[in-house]
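Colleague: Assemble the whole structure, with the sequences as input and the hints as a guide.
Read top to bottom, the protein sequences are chains A and B.
Residue numbering for the first sequence follows the working numbering, beginning at 16 and increasing consecutively.
Residue numbering for the second sequence follows the working numbering, beginning at 16 and increasing consecutively.
Some hints could be false.
Identical copies look the same in the list; a pair holds intra-copy or inter-copy alike.
In silico PhoX-like links for lysine-lysine, alpha-carbon gap of 25 angstroms or less [to be verified]: (1) K406 - K281; (2) K252 - K348; (3) K32 - K257; (4) K66 - K25; (5) K78 - K25; (6) K257 - K25.
Note that these hints are calculated values from the structure, not bench results.
The structure displayed is predicted, hence computed values, not measured ones.
Number of protein chains: 2
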Amino acid sequence: MQELGSFRNKIRDLTFKILELIHERNNVALNIAELKQRHGLNIENEEIEIKLEDDVVSFCEEKGINEELALKVLHSLLEESKRLQGYTKQSVVTPMTVASRAMSLASAAKNVIRLDIGEPDFPPPNSVVEECSRAMKERKTHYTDSRGIPQLREALQQYLMTKYKFSCNKENLLITPGGRFAIFAAFSSIVKEGQSVLLIEPNWPAYKENLEFAGIRPIVIKTSIEDNWDVDLEKIKESIRKTTRAIVISYPSNPTGKIIRREDFKAILEIARDYNLYVVSDEIYNEYAYADCPSILQYDVGKFILTSSFSKTWAMTGFRIGYAVSDKDVISKMQKVLSLIVTCVPEFIQYGAIKALQAEEEVRRNTSIMKRRIELAYNEIRKIDSLITYKPDGGMYLFPVSNREDFDSSRFASELLEKRFVAVSPGCGFGDYPRAFRISLGQNEEKIIQGIRTISEMLG
Amino acid sequence: MQELGSFRNKIRDLTFKILELIHERNNVALNIAELKQRHGLNIENEEIEIKLEDDVVSFCEEKGINEELALKVLHSLLEESKRLQGYTKQSVVTPMTVASRAMSLASAAKNVIRLDIGEPDFPPPNSVVEECSRAMKERKTHYTDSRGIPQLREALQQYLMTKYKFSCNKENLLITPGGRFAIFAAFSSIVKEGQSVLLIEPNWPAYKENLEFAGIRPIVIKTSIEDNWDVDLEKIKESIRKTTRAIVISYPSNPTGKIIRREDFKAILEIARDYNLYVVSDEIYNEYAYADCPSILQYDVGKFILTSSFSKTWAMTGFRIGYAVSDKDVISKMQKVLSLIVTCVPEFIQYGAIKALQAEEEVRRNTSIMKRRIELAYNEIRKIDSLITYKPDGGMYLFPVSNREDFDSSRFASELLEKRFVAVSPGCGFGDYPRAFRISLGQNEEKIIQGIRTISEMLG
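Modeller: What follows is the structure, encoded as structure tokens:
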């Protein structure tokens, strides 16, 4: 077995040669850092990185190298370069700092108006509470199938059929501990480290956070209030790289309240199909829609994962239950992750969720309350001259943008909270929107009006 | 800025050179695969890999290369070699296949005795069920601090003080959706891809599964029934590599029921401290202890994470709630992971858990029931000549080992289930124990006895 020994030595030598080159590469990165510092240059090179990733994929195709391996190694190298160049995220006031400061002010007995958190003040349906209690008392307090109890998945099948005429098997459904987990499991099932995912900003911070946690590059397509938050389809096409595996969409939008036109929605699905991307459609706000709102389940175009949750429609944030719909293989991968990390969703809560799916009256009530709040809040905020606000088609937020060039919403949110005890979320949490902030309509009308009037006063 | 351009070209060139070498390395791996196939050799090289990892760390120290980066790249390369060599896990009957087959048999109206799942058949304390219901009705149905509600963390402080005279701050505690999540978050907070963690086998499969999910190498220290499941301290020391960041211990043991001697426990903590390792002590079965059982909280030796759960002691499996205790920094990292993936544990369940901590009577009852089951089951199983069984010091399992050299517990478990409708977990799920199987004492005495008698009949 001399041959084996000699092959093994070769493997060993090559391993160290690879590390030598990595070392050399890091040293060049340090040279660049020094140069940049000397000339006061900005440190990020996202474009260069993305180009390099594309070229690496081409190189792999040409040479027959496993692309996943190459992209993962490249990602590690790029991260190291950033680390060596002293790249750190700018520290600004984020929605999280506002939220935690608001919480501590509130617990210090200050009367804080919480227009920051995306949580409706409605009660959950009585039938859900009753059913959870009943199920708990009847000893539905055991481990369940990690995909969710069959009864809930059947009820969900029925619900999706009634609502969208969408027909699927139980194997296409996964019950998750909240919409967040569905997003996390979705990404970990369809995208690998070093690959990329398209995001349309502004959007819910959790997408980017989850991608970054997994070492996946978010490729951002910005939209703007000047374009009515419409997404430019050409920009989507241009943004797709060889590394891209999915695009995330979510309408009604958090934070803008925008609902995409059906023709644009369909066009995105077609682009995704043409480029073999998964569409991750987060439809958590789908009941709070006051204009025609497309669902991915109404289209038979390509690969998709729908994520949703009982949190908003049924005001069940504190129950931590959501779901995902996808093809059998993806659901099975997502199930493995769920089973590994949390085993399953609490059994009695799953029973409660069955009742939620039948709670039509409460959904109607919540939906109409939210509609009134949007009208009211929009009419109030439009009185403020320095803000431009899109009138939401749905969702539960306003996302006003200041027309003052130098407006800094992080500072504004911070002052508004410290001086006037009103909490809003600065725009930086939702993308590159320093002049915008998000107002949540989770509070009652009185608080919303009072909050917006305080904002008006602060803005002078 | 010609200089910048030239540095960038250099980075680019080096990147492709690195990939060229990776390609070359992969080709050598293919050569090895071919050679091995030709000579019918076994494919795994764990020892060689571990040696290479160690050498890579030395190399990094010498050259000043970031060790984390190097180990991550090395891990990716090793995985690729395995993939190219067609390495796949042996497909055997695992505890999971038994469990899912048992579930489907059971739902086909077969009267299956489930001695496989680690779930007590006791009811959760009434006070917990009542409190969850009350809290739900009083609208404790909102997002909470991702670390857990302060009231529960205070109650836990008090509980740990009473039970172990352990004093800590609320910042040292994290409420998690089950013990599994605590393990997952623990690893992701203290170990990186390509590094390693020591495991003492046989043990709960979730440790290894979680490590593998994160690309962390499990280094296994085997124990055997011949040594009364005692762990060899010298073996622990010898197993520690330069890549090792933590050791996992869990007593009373799942599956053996072993409780470690205090002197050995302390010795492990001291070894860990000397080598700067974290001790992850999973104390989920700590109430089911019928001999003196050490807790990590009773020792002030080095870095640790305690993980635990309300599942076993309080029979709250289906509530999905557990906790972790550690230093402030680790808890804060674990909190970030929790907040990213699941936001928080359902609010009303956290209120219920407060009552669990006060349910002394139920704990005493459950503990004494489990003790009786252990006695009874042990007395029954020892009648079987071909099995050697350690008499459990605690926990809720028996882990008999066949004295027949050729006994295959996977096949046995499968036959036992298919022919006699008794489910047990084959030993391969808990490590390299093909002659052992686990009997869970989660069922009532009658079923346990009936199950063990059926086993006896099957074994002839």
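Colleague: Can you tell me if K32 and K257 fall within 25 angstroms by alpha carbon in one copy, between copies, both or neither?
Modeller: between (28 angstroms within a copy, 20 angstroms between copies)
Colleague: With identical chains treated as interchangeable, where does the CA-CA distance between K406 and K281 reach 25 angstroms or less: within a copy, between copies, both, or neither?
Modeller: within (23 angstroms within a copy, 65 angstroms between copies)
Colleague: Within a copy, between copies, both or neither: where do K66 and K25 come within 25 angstroms Cα-Cα?
Modeller: So K66 and K25 pass the 25 angstroms test across copies only (15 angstroms; inside, 32 angstroms).
Colleague: Since the copies are identical, ignore which copy is meant and state whether K78 and K25 lie within 25 angstroms (CA to CA) inside a copy, between copies, both or neither.
Modeller: For K78 and K25, both the intra-copy (20 angstroms) and inter-copy (21 angstroms) Cα distances are at most 25 angstroms.
Colleague: Cα distance capped at 25 angstroms. Does K257 pair with K25 within a copy, between copies, both, or neither?
Modeller: between (32 angstroms within a copy, 23 angstroms between copies)
Colleague: Taking 25 angstroms as the upper bound on the Cα-Cα distance, should K252 and K348 be classified as within, between, both, or neither?
Modeller: neither (28 angstroms within a copy, 37 angstroms between copies)
The structure fails to meet hint 2 from the earlier list, while all remaining hints are met.
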